[in-house]
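Peer 1: If you're matching them up, the sequences are chains A and B in order.
For the first sequence, the numbering used here assigns the number 1 to the initial residue and increments by one for each residue that follows.
For the second sequence, the numbering used here assigns the number 1 to the initial residue and increments by one for each residue that follows.
Bear in mind the hints are in silico, worked out from the structure with no lab data behind them.
Computed from a prediction, not measured in an experiment: that's the story for all the values here.
Some clues are possibly wrong.
In this list, chains with the same sequence are indistinguishable; a pair is considered to hold if it fits within one copy or across any two.
Straight-line distance between alpha carbons at most 20 Å, and here's what the computed EDC-like set of lysine to aspartate or glutamate pairs gives [as the list claims (entries may be wrong)]: (1) Lys250 x Glu434; (2) Lys225 x Asp202; (3) Lys49 x Glu217; (4) Lys225 x Glu205.
2 protein chains.
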Amino acid sequence: MNATLTLEQQVIKSIVRRARAAAHRLGTLPDKIRRDALNTAADALLSRKAEILSANVLDTRAAMDLVQQHRLSSASIARLKTTEQTILDMVLRVRTVAALPDPIGSVLEATELDRGLRLYRVSCPIGVIAVVFESRPDVIPQIASLTLRAGNVVIFKGGREAAHTNWVLNRIWCDALAEFPEIPPNTVNLLKTRDEVAALLDLEEGIDLVIPRGSKEFVRHISSKTRFPVLGHGEGVCHVYVDRSANLAKALDIAFDSKVQYPAACNSMETLLVHRDVATTFLPDIVNRFLAANVEMRGCTETIALIADKEIVLASEEDWSTEYSELIVSIRIVDNDTQAIEHIQRYGSGHTEAIVTEDHHVAQRFTDSIDAAGVYVNASTRFADGYRYGMGAELGISTGKLHARGPVGLQGLTSYKYKLFGDGHTVASYTSGERQFKHRRL
Amino acid sequence: MNATLTLEQQVIKSIVRRARAAAHRLGTLPDKIRRDALNTAADALLSRKAEILSANVLDTRAAMDLVQQHRLSSASIARLKTTEQTILDMVLRVRTVAALPDPIGSVLEATELDRGLRLYRVSCPIGVIAVVFESRPDVIPQIASLTLRAGNVVIFKGGREAAHTNWVLNRIWCDALAEFPEIPPNTVNLLKTRDEVAALLDLEEGIDLVIPRGSKEFVRHISSKTRFPVLGHGEGVCHVYVDRSANLAKALDIAFDSKVQYPAACNSMETLLVHRDVATTFLPDIVNRFLAANVEMRGCTETIALIADKEIVLASEEDWSTEYSELIVSIRIVDNDTQAIEHIQRYGSGHTEAIVTEDHHVAQRFTDSIDAAGVYVNASTRFADGYRYGMGAELGISTGKLHARGPVGLQGLTSYKYKLFGDGHTVASYTSGERQFKHRRL
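Work the whole structure out from these sequences, hints included.
Peer 2: If you want it as structure tokens, here you go:
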């Protein structure tokens, strides 16, 4: 043992070394084994649900003590709590991922470079993925199924509040995989302590991707602690713009759904933009619907002047770039779609932006001009979600523009390699002019 | 002006703000304008070649003084020197990029989520890309054509040695783009000082991607200075493995080409692995060819024992992971393909790995097991190159596994967005069970 390493560093080095070895083997496993293993894991979650529920009782009780001591919010109990229904949901999601088409080994591109020299771009696993998450224990089956489906090894570190539940879920998962001799041990790993995750994030090499799941502060914290690439859930300052040509019945439904259906989600609307020409007809109606749903409103001066009889406070400059994540909405009247686009370009976080319009040209201008992971026409921002997009499940929604953007599913867990098949081909024969490239798409 | 900002920080903030505004407009330009602009820029390079050559004389003279003072290597003169032929090559590359299919606006995936609710994943530009490069002035036309073809704004910072040539190339390029009123100014930008690039790398936001072009130390240096995503050319410790079933004539050509054709390239071979069963027949021949080409050889003990009459030094442990980038090769005899794969997994840098074999199963095992950007069967490692792959040009070769892997061309300069078209659809009607998702691939 190296005397200069702490105990945690030694543990982590050993875990990562074995994880890398597992990744080398996992990348070559046939689809059927990965799929069967997921279905076996789903069965195990169901048949061992009593163990999950007992462990969760321990976690929930400890958490309730912390809530009474005001050291934990009562909302975290709701996130932590696992029920029979939660387990059924977990099982369903694992089976859904098992049923998705194999993301590995797809030929993404094929080119004949020259006679007898063929190039294939083929999807492959990324390798070893570290997932650091806060309390929700359903993260383990959800992400373990996505990572295994795409041939990756995963190293989890969960929140302390869910330690018992996470331990049991990981145990059930590893036991299920152990029924398959082809699947290497250490395909799924669970770290125990904060010092271990700190040692992992501090490594020079060995981890291909870090996925933090939690608040934006949590994502930022993890990103600042590591040299590895981080794929983090992005902040959502999403807008709905109601154009002059909007069908106002649709606009009412879309604005209401975008704000009220689940305001804590990153894809819920924070700011409503309304074209001046429809403000007098549309605003009173949506304000009434928002009031009935206890939505607090903060408006521009014109909005307040227009809705003088209702309680709307003046929006500050800060309001326009705030992700409320609760039943608060800011409202601004704009002159035209250009001003709406400029507002979104300035204050939006590049997550999901919607326009309500019946004008095809305005819709096209909006979707082309707005630089966001999702640009929607006549649909609620709340559709930004891996399950709703048909990905089966998601790792999170990325507002970054590299690798994966928007809801990240199986595809975001793959890379690709170029396979080149020749017959003794050398580059010298091309530089000498003896041979020429064809570059024919196959 | 903000008193707490340095002059460079003020300059950079202003450049980046205008670059972002340009990116918003550039992303919506039709293909024809971007293509025509590139052909106009190519014409301008040709018609203003005298200006380029005069500027380059200034740079080369200053560099020769530095060489005489031993403050610059003579190899850098070769990289710096621009001739009529270099300009013709630049022009040809710009025209090649102009002729490539539009990488923007492609529908990568289309799904009907439900009746009247259609989701499209559409390729789009990344945004603002900073390119920091060492002396070669041909970087400006090559990368400016790739970035514009993909609808991106670029901010260059070149090496001081090529300052005059870079200035003229940038001037010609901007003048050519100025003939197109649709193309925003600040589409191509050139920074002047190191302090400016330091201020840019230190920004909190505004740059979508940083591309360093230069040595691996340079790439590492740039990466350590910025929070922005970096797409860097990777180190190349590439192998050729000659299997027992290899056609030895092909093996000779491939091993020789991989090492000798251009040893300074990252895709040249550093280590030759030879199956024990063919070592006695193959090694004497390749050793003779290497000796004739002045290749220095470092072998394992068995290699040295086998080639006792020739000058081969014993390879140290360090040799196996060294990117020589010159006419040096390390040679190891292995027991079988498993040992070859293990050697490559341990010492390879994930760049390009080749096997010479006539055995289909061994070839498949090799290409499936090796985790590298390129895995080749019976072809020289030197084929790892954007031009040879049919990409027209490349930004570099990535050994990272996220976003773009291997030679990075136009596709690596794009992101995507999800466009969703509905008819007033809300998520509440799906969670209530009133409607169900179809998820039908279109």
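Peer 1: None of the hints should be skipped; say for each whether it holds.
Peer 2: Each hint, compared with the structure:
1. Lys250 x Glu434: between (65 Å within a copy, 17 Å between copies)
2. Lys225 x Asp202: both (7 Å within a copy, 17 Å between copies)
3. Lys49 x Glu217: neither (33 Å within a copy, 53 Å between copies)
4. Lys225 x Glu205: both (14 Å within a copy, 19 Å between copies)
Hint compliance for this structure: hint 3 is the single one not met.
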